[in-house]
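S.K.: Below are the chains, spelled out letter by letter.
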Amino acid sequence: EDQVTQSPEALRLQEGESSSLNCSYTVSGLRGLFWYRQDPGKGPEFLFTLYSAGEEKEKERLKATLTKKESFLHITAPKPEDSATYLCAVQAFGAGGTSYGKLTFGQGTILTVHP
Amino acid sequence: DGGITQSPKYLFRKEGQNVTLSCEQNLNHDAMYWYRQDPGQGLRLIYYSQIVNDFQKGDIAEGYSVSREKKESFPLTVTSAQKNPTAFYLCASSREGGKREAFFGQGTRLTVV
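As you go down the protein sequences, you meet chains A and B in turn. Letter by letter, the first sequence follows residues 34 to 148 in the numbering used here. Letter by letter, the second sequence follows residues 25 to 137 in the numbering used here.
Honestly, I wouldn't trust all of these hints.
Stated by the list, open to error - Below are the EDC-like pairs computed for lysine to aspartate or glutamate, each with C-alpha atoms no more than 20 Å apart in a straight line:
| hint | chain 1 | residue 1 | chain 2 | residue 2 |
| --- | --- | --- | --- | --- |
| 1 | A | Lys-112 | A | Glu-78 |
| 2 | A | Lys-75 | A | Glu-91 |
| 3 | B | Lys-81 | A | Glu-34 |
| 4 | B | Lys-33 | A | Glu-50 |
| 5 | A | Lys-96 | B | Asp-78 |
| 6 | A | Lys-75 | A | Asp-35 |
| 7 | B | Lys-38 | B | Glu-86 |
| 8 | B | Lys-81 | A | Asp-115 |
| 9 | A | Lys-92 | A | Asp-35 |
| 10 | A | Lys-135 | B | Asp-62 |
| 11 | A | Lys-90 | B | Glu-48 |
| 12 | B | Lys-95 | B | Asp-62 |
| 13 | A | Lys-75 | B | Glu-86 |
| 14 | A | Lys-90 | A | Glu-103 |
| 15 | A | Lys-96 | B | Glu-48 |
| 16 | A | Lys-135 | B | Glu-39 |
| 17 | A | Lys-135 | A | Asp-115 |
| 18 | A | Lys-75 | B | Asp-54 |
| 19 | A | Lys-112 | A | Asp-72 |
| 20 | B | Lys-33 | A | Glu-78 |
| 21 | A | Lys-135 | B | Asp-54 |
| 22 | A | Lys-90 | B | Asp-83 |
| 23 | A | Lys-75 | B | Asp-62 |
| 24 | A | Lys-92 | B | Glu-125 |
| 25 | B | Lys-94 | B | Asp-78 |
| 26 | A | Lys-135 | A | Asp-35 |
Please keep in mind that the hints were generated in silico from the structure rather than gathered at the bench.
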């Protein structure tokens, strides 16, 4: 069974204080790893897809990296507007190499950035 | 603008009632999904559909039903058999080939009164 564990559960940072969020996963065959941002009362907003170990993606102050067992979301010099819940999800290959797209999510990391 | 529209945003259900949550997408995506989100828990898959007139149970399908009569639409019915329906419901869609990231609607918050 696919599993995703995110840590820490909550992270409080001062504005400008860089840090990283962790996503550990076990999956039979990784089709893709996804990062989402979710604001309170809203649907998740897509950030990144990573497909293979060693891959990196960047967007503004965010950088996502991937190894065979985990992914990191690095936040450089965060601002208060980066405060949100960050969700990690994995998609596995189905039987025969096909995939129906099911995403297995972690519980998320609640990030709060204080001015 | 292309996207996924969920309605209503808030829904109140009386004990014993069935209610239907709407999800429409104009992204021309083949696959559609329903997830449930509870406080402190990740998103859990209720049902998914890869093509019209076909759908599969997810991890927590009991007490829910769906239909997929059109590519654009994937309504979710929360039946009276669902013992704890109060939650935030999210609909998503994705392509079947190529980039498969799922895009989400803004959610429906269902409360039992």
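S.K.: Each of the hints needs a verdict: does it hold here or not?
M.R.: Evaluated hints:
Pair hint Lys-112(A) plus Glu-78(A) holds up; C-alpha atoms about 18 Å apart against a cutoff of 20 Å. Simply put, Lys-75(A) and Glu-91(A) have alpha-carbon atoms about 23 Å apart, too far for the 20 Å limit, and the pair is violated. Simply put, Lys-81(B) and Glu-34(A) have alpha-carbon atoms about 16 Å apart, close enough for the 20 Å limit, and the pair holds. Taking the CA atoms of Lys-33(B) and Glu-50(A), the gap is near 36 Å; set against the 20 Å cutoff, the hint is violated.
At most 20 Å may separate the alpha-carbon atoms for a hinted pair to count; Lys-96(A) and Asp-78(B) exceed this at roughly 38 Å. The straight-line distance between the Cα atoms of Lys-75(A) and Asp-35(A) is roughly 26 Å, outside the 20 Å bound, and the hint therefore fails. Taking the CA atoms of Lys-38(B) and Glu-86(B), the gap is about 19 Å. The hint holds against a cut of 20 Å. Distance check on the hinted pair: Lys-81(B) and Asp-115(A) sit about 35 Å apart at the alpha-carbon level, beyond 20 Å; violated.
Of the supplied pair hints, the one linking Lys-92(A) and Asp-35(A) is violated, its CA atoms being roughly 27 Å apart against a limit of 20 Å. Annotation: proposed proximity of Lys-135(A) to Asp-62(B) holds, straight-line Cα distance about 18 Å (limit 20 Å). Annotation: proposed proximity of Lys-90(A) to Glu-48(B) is violated, straight-line Cα distance about 30 Å (limit 20 Å). Between Lys-95(B) and Asp-62(B) the CA atoms are separated by roughly 28 Å; this puts the pair beyond 20 Å, and the hint is violated.
Of the supplied pair hints, the one linking Lys-75(A) and Glu-86(B) is violated, its CA atoms being roughly 25 Å apart against a limit of 20 Å. With a CA separation close to 15 Å, the supplied pair Lys-90(A) and Glu-103(A) stays within the 20 Å bound. With a CA separation close to 32 Å, the supplied pair Lys-96(A) and Glu-48(B) exceeds the 20 Å bound. With a CA separation close to 31 Å, the supplied pair Lys-135(A) and Glu-39(B) exceeds the 20 Å bound.
For the suggested pair Lys-135(A) and Asp-115(A), the alpha carbons sit about 27 Å apart, so the restraint of at most 20 Å is broken. Restraint check for Lys-75(A) and Asp-54(B): not satisfied, since their Cα atoms lie roughly 23 Å apart, outside the 20 Å limit. Of the pairs offered as hints, the one joining Lys-112(A) and Asp-72(A) holds, with about 15 Å between alpha carbons and a cut-off of 20 Å not exceeded. Annotation: proposed proximity of Lys-33(B) to Glu-78(A) holds, straight-line Cα distance about 17 Å (limit 20 Å).
Between Lys-135(A) and Asp-54(B), the direct Cα distance comes to roughly 13 Å. Compliance with the 20 Å bound is thereby established for this hinted pair. As the CA atoms of Lys-90(A) and Asp-83(B) are separated by approximately 30 Å, the hinted pair breaks the 20 Å bound. Note on Lys-75(A) and Asp-62(B): the hinted pairing holds, with a Cα-Cα distance of about 13 Å set against a maximum of 20 Å. At most 20 Å may separate the alpha-carbon atoms for a hinted pair to count; Lys-92(A) and Glu-125(B) meet this at roughly 16 Å.
For a cut-off of 20 Å, the pair hint linking Lys-94(B) to Asp-78(B) stands: about 11 Å separates their Cα positions. Distance restraint check for Lys-135(A) and Asp-35(A): the Cα-Cα separation of roughly 10 Å lies within the 20 Å cut-off, and the hinted pair is therefore satisfied.
In this structure, the earlier hints numbered 2, 4, 5, 6, 8, 9, 11, 12, 13, 15, 16, 17, 18, 22 are contradicted, and the remaining ones agree with it.
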